[in-house]
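Peer 1: Listed here are the chains, written in short residue letters.
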Amino acid sequence: MKILVCISQVPDTSTKIILKNNNTSVSSDGVTYVINPYDEWYALIRAIELKESGTANEIHLVTVGKADVEPIMRKALALGGDEAIRIDAESNDPNETANHIAAYAAGIGYNLILCGKESIDYNNGTTGVMLAELLGMDFLGFATDIQIEAGTAIVKREIEGGEETDACSLPMVISCQKGVAEARIPNMRGIMAARTRPLKVIAPAAQTPLTAILSYELPPAKTGIKLISPDNMDELIDLLHSEAKVI
Amino acid sequence: MSVIVLIEHTGGIIKKKNFEAVQYGAQIAQKMGTTVTALVLGSIAEAEMESLGEYGAKKVLHIADGRLDELHARACAAALVAAAKKENSKVIITLHDINGRTIAPRVAVKLNAGLLAGALSYPDTENGFVIKKAVFSGKAFAYVNIISDVKVIMLMPNTFPPNKVEGKAVIEKFDVSFGEKDFGIKVKEVNKVKGEVPLSDAEMIVSGGRGMKGPENWGILEDLAKELGAATACSRPVADSHWRPHHEHVGQTGGTVRPNLYIAVGISGAIQHLAGVNGSKTIVVINKDPEAPFFKAANYGVVGDALEVLPRLTAAVKKFKEQRK
Ligand SMILES: Cc1cc2nc3c(=O)[nH]c(=O)nc-3n(C[C@H](O)[C@H](O)[C@H](O)COP(=O)(O)OP(=O)(O)OC[C@H]3O[C@@H](n4cnc5c(N)ncnc54)[C@H](O)[C@@H]3O)c2cc1C
Ligand SMILES: Nc1ncnc2c1ncn2[C@@H]1O[C@H](COP(=O)(O)O)[C@@H](O)[C@H]1O
Chain A
1 MKILVCISQV PDTSTKIILK NNNTSVSSDG VTYVINPYDE WYALIRAIEL KESGTANEIH
61 LVTVGKADVE PIMRKALALG GDEAIRIDAE SNDPNETANH IAAYAAGIGY NLILCGKESI
121 DYNNGTTGVM LAELLGMDFL GFATDIQIEA GTAIVKREIE GGEETDACSL PMVISCQKGV
181 AEARIPNMRG IMAARTRPLK VIAPAAQTPL TAILSYELPP AKTGIKLISP DNMDELIDLL
241 HSEAKVI
Chain B
1 MSVIVLIEHT GGIIKKKNFE AVQYGAQIAQ KMGTTVTALV LGSIAEAEME SLGEYGAKKV
61 LHIADGRLDE LHARACAAAL VAAAKKENSK VIITLHDING RTIAPRVAVK LNAGLLAGAL
121 SYPDTENGFV IKKAVFSGKA FAYVNIISDV KVIMLMPNTF PPNKVEGKAV IEKFDVSFGE
181 KDFGIKVKEV NKVKGEVPLS DAEMIVSGGR GMKGPENWGI LEDLAKELGA ATACSRPVAD
241 SHWRPHHEHV GQTGGTVRPN LYIAVGISGA IQHLAGVNGS KTIVVINKDP EAPFFKAANY
301 GVVGDALEVL PRLTAAVKKF KEQRK
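If you read the sequences in order, they're chains A and B.
Our numbering puts the first sequence at residues 1 to 247.
Our numbering puts the second sequence at residues 1 to 325.
Extracted from the complex, chain A is given alone in its bound form (with noise of 0.2 Å):
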């Protein structure tokens, strides 16, 4: 069996947003970047646990960036990927991603595709669905544990207001989120290993994109935070009420 890993290139969790040319770019100074943490935490891990376990042979590592986002691909391949593909291109439109992985995805034959339940920079969770469609393969999003079993995939994920258990033959998408796997750090020897790991560049297609970004903006600052005293209580309950208008 063989696993495609999308892996994107986000800003750290902790980053300051700062906005340049005319609000019109997020600044990338001093940001320290990092693999996705759903794609490195859960897609990826889950991948290496079915190659361990022996239900896997190959995992592969897609991503769809310029050349700076080769330091997360060689992190991604220290914790355990055979092979990493980088599709030269820079896109802000989820269906222009989606459009770039699937034009490769479509000759290799994969039987499963692994993404985030999301990206933290543009906050889409759509890429993963896209790319479905665009392979006809099903999808199913946001799961807590991936079974894999006789070429069908037992998917416990997230509904409104609870869990569902589902069953799908492979070959099929699936977004990961908390649960499907406990998250490691690489060890020196993957670190090694990785190095002689090929990270393929491949020239991508013409897409035209459908969206694009025009401008930022930061929220305002919260301003003149009311202290209320632990002892008056009413007095919060009356603001809840008459003020903020919540209760």
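Take the hints with a grain of salt, since some may be wrong.
[To be verified] Once the Cα atoms are required to be at most 20 Å apart in a straight line, the calculated DMTMM-like pairs of lysine to aspartate or glutamate come out as:
1. A/K51 / A/E83
2. B/K186 / A/D145
3. B/K16 / B/D65
4. B/K186 / A/D238
5. B/K319 / A/D238
What the hints contain is simulated information worked out from the structure, not anything from laboratory work.
Position chain B with the ligands against the provided structure of chain A, taking the given hints into account.
Peer 2: For chain B with the ligands alone, kept in the frame of chain A given last:
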């Protein structure tokens, strides 16, 4: 030409967030000089569908196919595409919730339409078709222009509260022939958290962190939640220590919530926690440390010991409710 809105229902009951989506669609339709049509799938009473008229739907397309009583995202996407084509819709709306997020992206691909996930504003049509959405887990907003002719919008729930108007929607039966692949996923087991409002739908949430000291103290937090009619949530270390069930964990790695009122008790306000709750309309923070970062993100703050403040707050809610009887 019309605007089309996909309606979700739970066993025949349409929840508020769908009325929000219909009204959102109705406003856009009005601006475009057209009307909004709602698409409803599966078994549901006529009266329930007609009530969509009270939020601006002129017409309901109803596909009564019983297989749609279970959510099959591929079938829903096929139905939505068929309905959009029939109505010649240029704007297609779903919710940005778990179901919408597995359906709308497929629709966008099928129609080669630009997709906006998590709309927080009406489209600004002065300079294209520009919609605001949260990015970087709420640390910024982006204004995104949908360039394509057909546009798919996933509306963030609890963004525009619905207001009832006079009206009754006309119901039209609609048939779509599905393929076998549209029902490829087999549901083996469903576990709904009984009797509780799902966190993502909750309008009020009382949430506890490590400052609650231990699971044995959650009774007083639940008392407050019960008195308010609020759902309960927690920070990640609380779920990780098994003080509370995992589905209550909110934040970057847990659930994202957008209630009208979020009361954070004994939570420090780490950036990863804020990422899941900063869409809340009003935030109350109860923490014994006046330097806790959460106070910077709060509208109201109480510096004090949670175990003492909580029972007092519950009593104040009780009193407030009595007075208003
Ligand atoms: C990549 C990553 C992802 C993460 N994702 C999440 C996430 O999704 N959700 C999440 O919550 N966290 C997440 N975290 C963890 C996060 O950084 C914080 O560690 C966590 O939110 C802290 O939880 P807490 O506020 O309950 O506990 P603490 O940080 O221990 O804070 C306890 C607070 O309670 C107050 N307190 C103590 N006693 C009392 C009392 N008697 N009365 C009132 N107040 C009292 C203290 O002053 C303190 O402010 C993540 C971390 C990382 C690195
Ligand atoms: N540029 C990218 N390259 C590869 N995979 C991506 C890229 N962007 C997003 N993904 C994958 O799609 C998932 C959802 O991302 P998004 O739709 O951007 O929220 C991520 O968790 C990744 O697994």
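Peer 1: Evaluate each hint against the coordinates.
Peer 2: Hints versus structure:
With a C-alpha separation of about 14 Å, the suggested pair A/K51 and A/E83 falls inside the 20 Å cut-off, and the hint holds. Taking the CA atoms of B/K186 and A/D145, the gap is near 16 Å; set against the 20 Å cutoff, the hint holds. Taking the CA atoms of B/K16 and B/D65, the gap is near 24 Å; set against the 20 Å cutoff, the hint is violated. A C-alpha spacing of about 50 Å is found between B/K186 and A/D238, which places the hinted pair above 20 Å, so the restraint is violated.
The suggested pairing of B/K319 with A/D238 holds, with an alpha-carbon distance near 11 Å, which does not exceed 20 Å.
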